[in-house]
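Visitor: Sequences are here, hints too, so could you generate the full structure?
Listed below are the residues making up each chain.
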Amino acid sequence: MTAKPSQTPTPLPLALAGAADLPRGRFGAFGGRYVPEALIPALEQLEEVWRKASIDPEFVGELERLHKTYTGRPSIITEVPRFAEHCGGARVILKREDLNHTGSHKINNVLGQALLTKRMGKTRVIAETGAGQHGVATATAAALLGLECVIYMGRKDTERQALNVARMRLLGATVVPVDHGSKTLKDAVNEAFRDWVANVGTTHYVLGTVTGPHPFPEMVRDFHRIIGVEAREQVLDLVGRLPDVVCACVGGGSNAMGIFHRFLDDASVRLVGFEAGGAGVDTGEHAARFATGIPGVLHGAYTYVMQDTDGQTIDSHSVSAGLDYPSVGPEHAFLLESGRAEYRPITDVEAMEAFSLLSRTEGILPAIESAHALAGAMKLGRELGREAVILVNLSGRGDKDVHTAAEWFGLIDSDDDADGRRGRLPDDPGAEGVGEQQ
Amino acid sequence: MSVAPVLEKCRAEGRAALIGYLPVGFPTVEGSIAAMRVLVDSGVDIIEIGVPYSDPVMDGPVIQDAAVRALAVGVRLSDIFTAAEAVAGAGAGALVMTYWNPVLRYGVERFATDLAAAGGAGLITPDLIPDEAGDWIAAADRHDLDKVFLVAPSSTPERLEAVTAQCRGFVYATAVMGVTGARASVGEAAGALVSRTREHTDLPVCVGLGVSDGDQAAEVGRFADGVIVGSALVRCLTEAATPAEGLTALGVLARDLAAGVGRGRS
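Chains as they are written, first to last, in numbering that gives the first Met the number 0: chain A, 0 to 437; chain B, 0 to 265.
Don't read these hints as lab results, they were simulated from the structure.
Treat the hints with caution; some may be incorrect.
[Unchecked claim] Each computed DMTMM-like pair below joins lysine to aspartate or glutamate, with the alpha-carbon atoms no more than 20 Å apart:
hint, chain 1, residue 1, chain 2, residue 2
1, A, Lys67, A, Glu57
2, A, Lys182, B, Asp64
3, B, Lys146, B, Glu84
4, A, Lys155, B, Asp64
5, B, Lys8, B, Glu29
6, A, Lys117, A, Asp55
Guide: So this is what it looks like as structure tokens:
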């Protein structure tokens, strides 16, 4: 294989990523700053400190050092031929953000924001979390840098992601279950905003995705942009050309923006985001914002929101806590409306099938969130055929989901009738049990 | 119709205005309108008609709870106009307090049209800063409605200048950094914020967040043009065993607060 001219290690792309061509804080019509006045000075300070830091060699160097020595960057890519047999024979390549320290892409953003917290002279960080990955990452960075840490998490999510609650507490964070509203990610964000308004003098809100008031969508994207920067080079090295499609799951949309952004100018590369179709878009039990939502304001940004005719937020549903959110990052709304990216729903059943398949064909347990992108790759591969090269952002690993998956596939011994199982692993030779017939 | 004449009248009487918040739809739409009438009859000058919203990030537990219960019994955005008409008819200023998305979904121009037709005075917008409010500012100006934006202890002089320049009716000064809810002490930050705000505007400056009884109302009324009370009033309704008991408790508290602003500068 011939070496590419741009083989030098890619520096952190923060300085390159400024959106100078866009109005401040807007992606087309989307974005903005819809928050109480009390928070405006903190957002202005954050933007100023971040803009300065992003061109400060000391900050960029420190973050790069942490990514090399702590996160484990660059993350590798893995081609998955046995899984690809289920994708119409297309070549499927995974970007392995699941191998990052703490198990997902979330650490990219959190280390950046934690360093900014120190620069702002603040001593306490708060964060919302859905699946728990962002909470674990924030608790980790807080431990590393000696910051006090409080994580807000919907009660429903603390129950379905109990292992991550324990992880956060082991890391020294305080986890506060939120009992308001739908008791999921949306309500955790509300509670984090309430804390921030009251404690903004000492506290930085480490928002975990590419939404919220400006500058969060742009800043969080830039901290994750390294995913696409690395992956583009790696795919070029492996395949000798750019991928035909880049796939990512989209909850708030940070892993997707992270891998999409470097490909925006590559017109031949399709960018496809997969949102949670839940029980099916026609059932109302889903988180398919682009399939059913309309533009509105939630959590500080003008973007697509699942809402009723009075502007009240509609509760979302998904087997995946990390995608169970009724809104989405404003830059995704812009990419949809501008036609640069496409978004499709993936149902719980489709995602769990992909979860099972990757586990059994490649020995990789994906996060259920990331399994939505894998299911999308299966569909796209069948549409595009054997010549296609599909890059999938494997944004997180499935350790946190073992309990959910085990229940889904009926792998936990219980007295319940097996008819109650929602899924069944295909071709499982041990399904009948050995020497245990009763 | 603007609340400016109401504030003018209170100033002429040598006292701060008393501004009371209640959400529409708790315990029912009719019940909430009856409660607003009790406030007016007990000496409240301006009613803040609250729009229950699914994601109220500026509100503490008391108002959140009332909003959730109002939405559960089916309050609709259109009920706001019924309440505004009733409050205006009872002779008080009728300001609507709402998070932005319900207005956006209803249509900014349509909302302004319907609010003005109902006799509403304008909007208080806790999560809409003037920088993002171009459509609302234009609609309010067309329909002669008040635009009440918030300032906070964290506001810089630049922000105070920019925000107050876009206000009409009064400026809402949040006394403390935090969400709505009764507090033992309103704190010195409120007085300092009112003074700083007055350096940028001649509009009345009203103080909210934390006031819960007549003594606090008197204290705040000494330096502010208006005293805003929310959670303490709402709690009269949420903690009552029956709606009738709620109205009774509400009347008692409102009269205590009205007496407080009355003696504030004596």
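Visitor: Hint by hint, note whether the structure agrees.
Guide: To see whether the hints hold, each was checked on the structure:
A distance of roughly 15 Å separates the Cα atoms of Lys67 (chain A) and Glu57 (chain A); the hinted pair therefore holds under the 20 Å criterion. Restraint check for Lys182 (chain A) and Asp64 (chain B): the C-alpha separation of about 14 Å stays at or below 20 Å, so the hint holds. Of the pairs offered as hints, the one joining Lys146 (chain B) and Glu84 (chain B) holds, with about 18 Å between alpha carbons and a cut-off of 20 Å not exceeded. With a C-alpha separation of about 19 Å, the suggested pairing of Lys155 (chain A) with Asp64 (chain B) holds against the 20 Å cut-off.
Of the supplied pair hints, the one linking Lys8 (chain B) and Glu29 (chain B) is violated, its CA atoms being roughly 29 Å apart against a limit of 20 Å. Using a Cα cut-off of 20 Å, the hinted pair Lys117 (chain A) and Asp55 (chain A) holds, with the two alpha carbons roughly 15 Å apart.
Violated hint for the displayed structure: number 5, the only one.
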